[in-house]
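Trainee: Listed here are the chains, written in short residue letters.
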Amino acid sequence: MTVSILLCDDHTILRVGLRALLSAEPDFLVVGEACDGLEAVELAERLKPLVVVLDVMMPGLNGLEAARQIKQRCPNAYIVFLSMHAREAYVVEALKKGAHAYVLKDSQASDLVKAVREVLAGHRYLSPPLSERSLQAYLRKIHTKTLDVYETLTGREREVLHLTAEGHSSSEIGARLGISPRTVEIHRANMMRKLGIHSQTAVVRYAFQRGLLPLEI
Amino acid sequence: MVTLVNAYREISGKIDQRSYWLAQIQTLTTALQKERSARIEVEEQFHQLTGRAEALGRLSKRLNGQLEVQTVLATLCQISVETFHVPTAFVTRFDEQCHLLHPAYSFGLGAQELSNLTPTPISRFVDYPDLSEPIIFSRPEQDGRPFPYPEFLPGRRTLTLVCAAMVQEGSLFGIFHLVAFNPSRQFKAGELDLLQAFASYGTAFLSKARLFEQVRTGRNRLQHLSQQLLEVQEMERRHLARELHDEIGQTLTSLKTILELIPKEGGPQEHNDQLTQAGSLVQQLLCQVRELALDLRPALLDDLGLLPALHVQFERYTSQTNIEVNFAESGIDRRFSPEIETAAYRIVQEGLTNAARYAEVDRLTVRLRADGETFLVQIEDAGIGFDPQLALSSSATNGLSGMQERALLLGGYLVIESQLGKGTRLTAELPLTAPIERRLNDRIDPAV
Numbered sequence: 001m002t003v004s005i006l007l008c009d010d011h012t013i014l015r016v017g018l019r020a021l022l023s024a025e026p027d028f029l030v031v032g033e034a035c036d037g038l039e040a041v042e043l044a045e046r047l048k049p050l051v052v053v054l055d056v057m058m059p060g061l062n063g064l065e066a067a068r069q070i071k072q073r074c075p076n077a078y079i080v081f082l083s084m085h086a087r088e089a090y091v092v093e094a095l096k097k098g099a100h101a102y103v104l105k106d107s108q109a110s111d112l113v114k115a116v117r118e119v120l121a122g123h124r125y126l127s128p129p130l131s132e133r134s135l136q137a138y139l140r141k142i143h144t145k146t147l148d149v150y151e152t153l154t155g156r157e158r159e160v161l162h163l164t165a166e167g168h169s170s171s172e173i174g175a176r177l178g179i180s181p182r183t184v185e186i187h188r189a190n191m192m193r194k195l196g197i198h199s200q201t202a203v204v205r206y207a208f209q210r211g212l213l214p215l216e217i
Numbered sequence: 001m002v003t004l005v006n007a008y009r010e011i012s013g014k015i016d017q018r019s020y021w022l023a024q025i026q027t028l029t030t031a032l033q034k035e036r037s038a039r040i041e042v043e044e045q046f047h048q049l050t051g052r053a054e055a056l057g058r059l060s061k062r063l064n065g066q067l068e069v070q071t072v073l074a075t076l077c078q079i080s081v082e083t084f085h086v087p088t089a090f091v092t093r094f095d096e097q098c099h100l101l102h103p104a105y106s107f108g109l110g111a112q113e114l115s116n117l118t119p120t121p122i123s124r125f126v127d128y129p130d131l132s133e134p135i136i137f138s139r140p141e142q143d144g145r146p147f148p149y150p151e152f153l154p155g156r157r158t159l160t161l162v163c164a165a166m167v168q169e170g171s172l173f174g175i176f177h178l179v180a181f182n183p184s185r186q187f188k189a190g191e192l193d194l195l196q197a198f199a200s201y202g203t204a205f206l207s208k209a210r211l212f213e214q215v216r217t218g219r220n221r222l223q224h225l226s227q228q229l230l231e232v233q234e235m236e237r238r239h240l241a242r243e244l245h246d247e248i249g250q251t252l253t254s255l256k257t258i259l260e261l262i263p264k265e266g267g268p269q270e271h272n273d274q275l276t277q278a279g280s281l282v283q284q285l286l287c288q289v290r291e292l293a294l295d296l297r298p299a300l301l302d303d304l305g306l307l308p309a310l311h312v313q314f315e316r317y318t319s320q321t322n323i324e325v326n327f328a329e330s331g332i333d334r335r336f337s338p339e340i341e342t343a344a345y346r347i348v349q350e351g352l353t354n355a356a357r358y359a360e361v362d363r364l365t366v367r368l369r370a371d372g373e374t375f376l377v378q379i380e381d382a383g384i385g386f387d388p389q390l391a392l393s394s395s396a397t398n399g400l401s402g403m404q405e406r407a408l409l410l411g412g413y414l415v416i417e418s419q420l421g422k423g424t425r426l427t428a429e430l431p432l433t434a435p436i437e438r439r440l441n442d443r444i445d446p447a448v
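Chains as they are written, first to last, in the numbering used here: chain A, 1 to 217; chain B, 1 to 448.
Some hints here could point you the wrong way.
[As the list claims (entries may be wrong)] Derived CB-CB ranges, DEER-like:
1) E113/B with E172/A: 50 to 56 Å
2) E172/A with L390/B: 30 to 36 Å
3) E65/A with H239/B: 18 to 24 Å
4) T318/B with H162/A: 32 to 38 Å
Read the hints as simulated data drawn from the structure, not as lab findings. Every residue gets a Cβ at the ideal spot worked out from N, C-alpha and C, and that includes glycine.
Make the full structure from the sequences, and use the hints.
Mentor: Below you can see the structure in the form of structure tokens.
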């Protein structure tokens, strides 16, 4: 069976080299070449290649966005990314966009052929020194905690929240904190906007739920 | 007889007494009448003065806080029409260069009628430059005073125009006019005084508004320039980083490959060692170039957006400083405008750098949150803290003012909360839609 390949890279010389490399394989057939993201999407839709070899960074529409659109229009196509970026961040983004392989441009030439074959066999392929392990390590590292919105409040906004929940008026809070009632109102507006609450009652409810107010008053 | 004489004497004495009293009453009545008319006069004067004070009070109350030339003019004209019970008031503005008066604002006149009023030479105001008191012109002409705006409302056969100069610190701003169509409308001395006072008040507020407008224009221009400066700086950095990473980096990679391809067998050991050394130097250089590119501006930020760029930043930061970054976010795993992405990235970078330099901590927290309206950046540590006022005023080296500048330029704010011994919390909020309302004097808040 012939493997139809669409080759997308904005460097002409590189494209010529890659075409030669891929065409050397008897069962590979380069059916088209694109020099930017938009052309890549167009040609992929028209030629329906089995494999799309795509530079991550291209002018116009970059490779990542092109891949996303190609996956939408040709869900069966295999996407092999070519990249000069060895950072896991790029790999993760590429995989998110539906890539099956990530090949570094400064790895050995045979690596691309290997990547295409692995992908056809149903495996994910990453150029060394990238590996599934380094990827997992990166994913673990970037795992972030969920944000507690209360913590994004400034000190003043917290004070205004507490005092408002306790039922004090703007002028009382202003007098207590040594700022003008108008400033208190601005702090309260910002605080409520951040917390996504819209009424005095909601402020009290929030304060109870957060345990900012004692249960008996 | 004696009794009769006595009786006569008594009666005439009484009559004398009566006429005396009558005369007395007469005198008193006259004095009282005089006093009464004097009192009425005083009362009238009092009313006039009160009215004048009230009118001026009303005017200054309405003008107070107005900082735009057009709204000051509008208020002046409107209040005058109400106070003087005339149908129309308008202002012409004096152009010093060509000595012409240009129509500026009117109340009670249509825009069409105002624009029909062509620029008028100041020389038509005969008393110029001594316009210290209002001048009255009328149509048909009286006292040989030619009507200064011949083309003004040509259909009106009777027209009274009262003009008061608007002078501020010796220079003429323009002329303020009241227009009456009713020929019986007379302008009394008190009214003319009040009109002159109105004109002076209006002029004082106008010059304030003009100053404010100049300052505002200047500030806007400055802000625009600062924003442009930041953009140009980022563009340069982006360009340099790409050049370093892509061009020099590629060349170095090729060089490395060539060095590796040189056969090591057969040659003298000395050459082999030198080749190995050259290879490791190139490798070292390659790393340095890549680090430099990252320092300048990571391609990741443009290619992939804020979140991946920050992950890389935190990773490098921890490996360079041994400070652990506790990171929490919500809603930022998407693309934002380049200005927002750059500002957020730089604010975080600056905050991390400061913490590494001054805070003496081994961990800190970064929080980022985006909702539909704003993008929030917060960097918090439990380090040694500082005095925000002092840090802001001392020098630009700590980068705090730069961070504030970035936030302000985008219509946001940066709050610096810090206290000696109690850590530091920097909170910036950048608007994704409309600017955020916040008091300027409240940007610096010591933590309590």
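Trainee: Check the structure against each numbered hint from earlier and tell me which ones fail, lowest number first.
Mentor: none
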